[in-house]
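Novice: Work the whole structure out from these sequences, hints included.
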Amino acid sequence: MGRFDIQAEADLHIAVLHVQRNKRLAESFGTTEIAMLATVASELGRNILKYGDAKGYLLVTWIDDMPSYGNGVEIKAIDRGPGFIDKQSALCDHYSTSGTLGLGLPGVARIMDALEIESELGEGAVVTATMWVHQRDRKH
Amino acid sequence: MGDRHFVITRLNQTMVATLEGAVDAGELGDLVDSLSEAQARQNVNSVVLDVSACEVMDLDEFAELQRAVRTAEWLGLRCVVAGFKPGIVAYIVSTGVELGTLRTALDLELALGELSADCDEREPEQQPEPEQDAESGLEPDSFGSL
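Quick mapping for you: the protein sequence lines, in order, are chains A and B. Numbering of the first sequence is given in our numbering, commencing with residue 1 and proceeding in unit increments. Numbering of the second sequence is given in our numbering, commencing with residue 1001 and proceeding in unit increments.
No lab work stands behind these hints, which were simulated from the structure alone. Be aware that a few hints might be false.
As the list claims (entries may be wrong) - Within a straight-line C-alpha distance of at most 25 Å, the following computed SDA-like cross-link-like pairs (lysine to any residue) qualify:
(1) Lys-50(A) / Gln-20(A)
(2) Lys-50(A) / Leu-17(A)
(3) Lys-76(A) / Gly-1029(B)
(4) Lys-50(A) / Asp-1030(B)
(5) Lys-50(A) / Arg-1010(B)
(6) Lys-76(A) / Ala-1038(B)
(7) Lys-50(A) / Ala-1040(B)
(8) Lys-1085(B) / Lys-55(A)
(9) Lys-1085(B) / Arg-24(A)
(10) Lys-50(A) / Asp-1060(B)
(11) Lys-50(A) / His-134(A)
(12) Lys-1085(B) / Phe-29(A)
(13) Lys-55(A) / His-134(A)
(14) Lys-23(A) / Ala-1053(B)
(15) Lys-55(A) / Gly-83(A)
(16) Lys-23(A) / Phe-1006(B)
(17) Lys-1085(B) / Glu-1064(B)
(18) Lys-55(A) / Lys-76(A)
(19) Lys-1085(B) / Ala-1053(B)
(20) Lys-1085(B) / Arg-110(A)
(21) Lys-76(A) / Arg-24(A)
(22) Lys-23(A) / Ala-1090(B)
(23) Lys-76(A) / Asp-1107(B)
(24) Lys-50(A) / Glu-1027(B)
(25) Lys-1085(B) / Glu-33(A)
(26) Lys-76(A) / Thr-128(A)
(27) Lys-1085(B) / Asp-1107(B)
(28) Lys-50(A) / Pro-82(A)
(29) Lys-50(A) / Val-1093(B)
(30) Lys-1085(B) / Gly-1021(B)
(31) Lys-50(A) / Asp-1107(B)
(32) Lys-76(A) / His-134(A)
(33) Lys-1085(B) / Val-60(A)
(34) Lys-76(A) / Asn-22(A)
(35) Lys-55(A) / Pro-106(A)
(36) Lys-55(A) / Arg-24(A)
(37) Lys-1085(B) / Arg-1010(B)
(38) Lys-1085(B) / Pro-106(A)
(39) Lys-76(A) / Tyr-57(A)
Specialist: Here's what the structure looks like:
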């Protein structure tokens, strides 16, 4: 669906708009889910700006007919920043290395069906969030 | 970038700030400056932040909005946020963010109604003057004291 280089706030808005207006997503997800996907893109993209030295990109990919899961969308945030100090803690509420609320990643984990972090200190990070169509476990 | 993403209009003693699209900390700071100027010059005592044009709001943006609301309230302005989209609410509620004392309304009209109701509660009701009995010259209430 698209790759969006994230180097400034304006790039985030472009990525968010693309997610909001993507026809494939609109056919498969409701308006609230689309808004949440767009917000997830914004959260992960903003993390690239804040923690990834603004050297990264978002990759939004449609997943076609994954066995056991069906169709879905994957939002991947890739950056070449310093990487995560503590991946496990990053998924805990109120953990923040920058004085913020610390609810961004845990919030994304609650909303999406899957969230994965791959990172080595000093070698950037890849954060992958996935939402499946129609097979979402309604947590809320 | 240079483009402002909010428009301010005035309705009686209420400023209505319509946020357009995404807003960032700098712009919300400008907004609060505009509101405090308006409060000083134009006898404004309340503000509605109309976010009905905001389709998406991540937690950073929401935190900035909360900060702007708190600042406005500390300046003495009553503040209502109107028009949160369902997707934004669903996201924010799902993340577990504390909403605190944020006052919200479904739309601008309801927000203005709520602020107007606040004013009505604050102004003491005018007590009707007691009617005098034309024949006796006594006020009806005087019997109550016997």
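Novice: Of all the hints given earlier, name the ones this structure violates by number, lowest first.
Specialist: 3, 5, 6, 7, 8, 11, 13, 16, 23, 31, 36
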